[in-house]
Amino acid sequence: MSAADHRAWEEELAGYVLGALDPAEREAVESHVAGCERCRSDLRWIGAAIEVLPASVEPHEPPARLRRRLLAAVRAEARAADATATVPGRWRDAVARTLRPGLAYVAAGVLVVGGAIGYVAGQSGKADETTVTARATASAPAGTEATVVRSGDAGTLRTTGLPQPGGSGVYQVWIRDGDVIEPSTTFVVDRAGAGVAAIPAGLESGDAVMVTREPRGGSDAPTTAPLLRAPLG
Amino acid sequence: MGLVRDREQRAFEVVYDRHGGAAYSLAYRILGDPRAAEDATQEAFLSIWRSGARYDPLRGSVRNWVFGVVRNRAIDALRRGSAKRTPKLAMDGGELIEKQPSADQTEAEAIRRETAKEVRSRLDELPGEQSQVIELAYFGGFTHSEIAEMLQMPIGTVKGRMRLGLEKIRAGLAEEML
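Chains as they are written, first to last, in my numbering: chain A, 1 to 233; chain B, 1 to 178.
Derived by calculation from the structure, the hints in this document are not laboratory data. A few of these clues could be false.
On the chain B side, residues computed to face chain A include the following (Cβ under 8 Å) [as the list claims (entries may be wrong)]: (1) Y16; (2) A36; (3) W49; (4) I169.
From the derived model, a few chain A residues whose C-beta atoms are all more than 10 Å from chain B [unchecked claim]: (5) V33; (6) G35; (7) R38; (8) C39; (9) A142; (10) T147; (11) E204; (12) S205; (13) P222.
Keep in mind the model is a prediction, meaning the values are calculated, not measured. Glycine included, every Cβ here is placed at the ideal spot set by N, Cα and C.
Please take these sequences and the hints and turn them into a complete structure.
Right, here's the structure in full:
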């Protein structure tokens, strides 16, 4: 390959690490890099420059409710999910690197022991889960389906067939208890129309789970008609 | 199962506490709106929780992994139109800064502010036309061709400026490590 050809690829690599390529260009770069050691090396070198950009951002303190919501969602998912299939086992790597970068592998090794014990213990642990099928309402697009997997007071809602909310919208989960409707988590769906929402609490006292489309950030009370209803019996 | 779940949740909590502030700040920088930044950060961290197994320690730091996920979510939100997609460049950065009472600033935040200031001053050393295209791509989510159209210049010029700008940033990093 000529020097001019390589210069052209170098410019594409800059666009690649900055996320400035369209999908076809990105695929072309990935295909080329897979077979070109010189470009792989250049990609590692130039890629380090990108790490500077987030560090240049003016800091803003996230609202405390964001941490509370995330931890509640994670707790609910951990309770409700199939432990052996969904526990992100390599979290030990992430936390080890976060805590002590120089000791990542030692720390990871220590945590593996706990993880292995947990995996063995988790093989038999789904006895308290029940699955409820939600009904799509007339407001939902054809083909919309959802289930709620309950584990005690918490659960996980999984949807298929909902369009991406678009604009400034999200989907929001609600727990209905008679005349009272309490807000729960918000979620979006991926390009294939699949969505997952952790429901941290409220399933034992509620009589139905509902889903509506709401403005981003969610609402305190539903502002649109329910798209899905799952009776909690 | 409680043991491993507790460990994983604590791990997630540590990662959020270490990187959540910077991640939210990045989303805020991209989206320019606190509620949209909150949504994008929430989506990103839930995605990180669900895909923790995809973190490969050999491919970089946790912080950069988190930044990558958050940037993608924020740019997706921009493209969905959940925040106004307008270029936000370094020259108007001062207007985007949310003024907070000094009493509310934690020590960690003060350090982050100082670090950000130092890094920005290094980026400010780049020729304006290079930092402009880099910021439009990274923070604005614009492609080569969109930037070329916006700035009314040949796409080759955009690509060349991006590459030169990144080379200068990278060379500056290499010098610091000597």
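Going down the list of hints, with the structure as the test:
Because the smallest distance between the Cβ of Y16(B) and any Cβ of chain A comes to about 6 Å, under 8 Å, the interface hint for this residue holds. Residue-level restraint check for A36(B) holds (minimum Cβ-Cβ distance to chain A is 6 Å; threshold 8 Å). With 8 Å as the threshold, the beta carbon of W49(B) comes within range of chain A, its nearest partner Cβ sitting at about 5 Å, so the hint holds. Because the smallest distance between the Cβ of I169(B) and any Cβ of chain A comes to about 4 Å, under 8 Å, the interface hint for this residue holds.
Even its closest Cβ contact with chain B, about 14 Å, leaves V33(A) beyond 10 Å, as expected for a residue assigned away from the interface. Non-interface status of G35(A) relative to chain B is upheld: no Cβ of that chain comes within 10 Å, the nearest being about 19 Å off. The beta carbon of R38(A) is kept farther than 10 Å from every beta carbon of chain B, the shortest such distance being approximately 15 Å. At roughly 13 Å from the closest C-beta of chain B, the C-beta of C39(A) stays outside 10 Å, upholding its exclusion from the interface.
Non-interface call for A142(A) relative to chain B: holds, since the shortest CB-CB distance, roughly 23 Å, exceeds 10 Å. With a least CB separation of 17 Å from chain B, T147(A) remains clear of the 10 Å interface cut-off, as annotated. For E204(A), the shortest C-beta to C-beta distance to chain B comes to about 20 Å, beyond the 10 Å cut-off, and the non-interface label holds. Listed as outside the interface, S205(A) is consistent with that label: its C-beta sits roughly 24 Å from the nearest C-beta of chain B, beyond the 10 Å cut-off.
Consistency note on P222(A): stated as away from chain B, and its beta-carbon is indeed over 10 Å from all of that chain's, at 18 Å minimum.
The structure meets every hint from the earlier list without exception.
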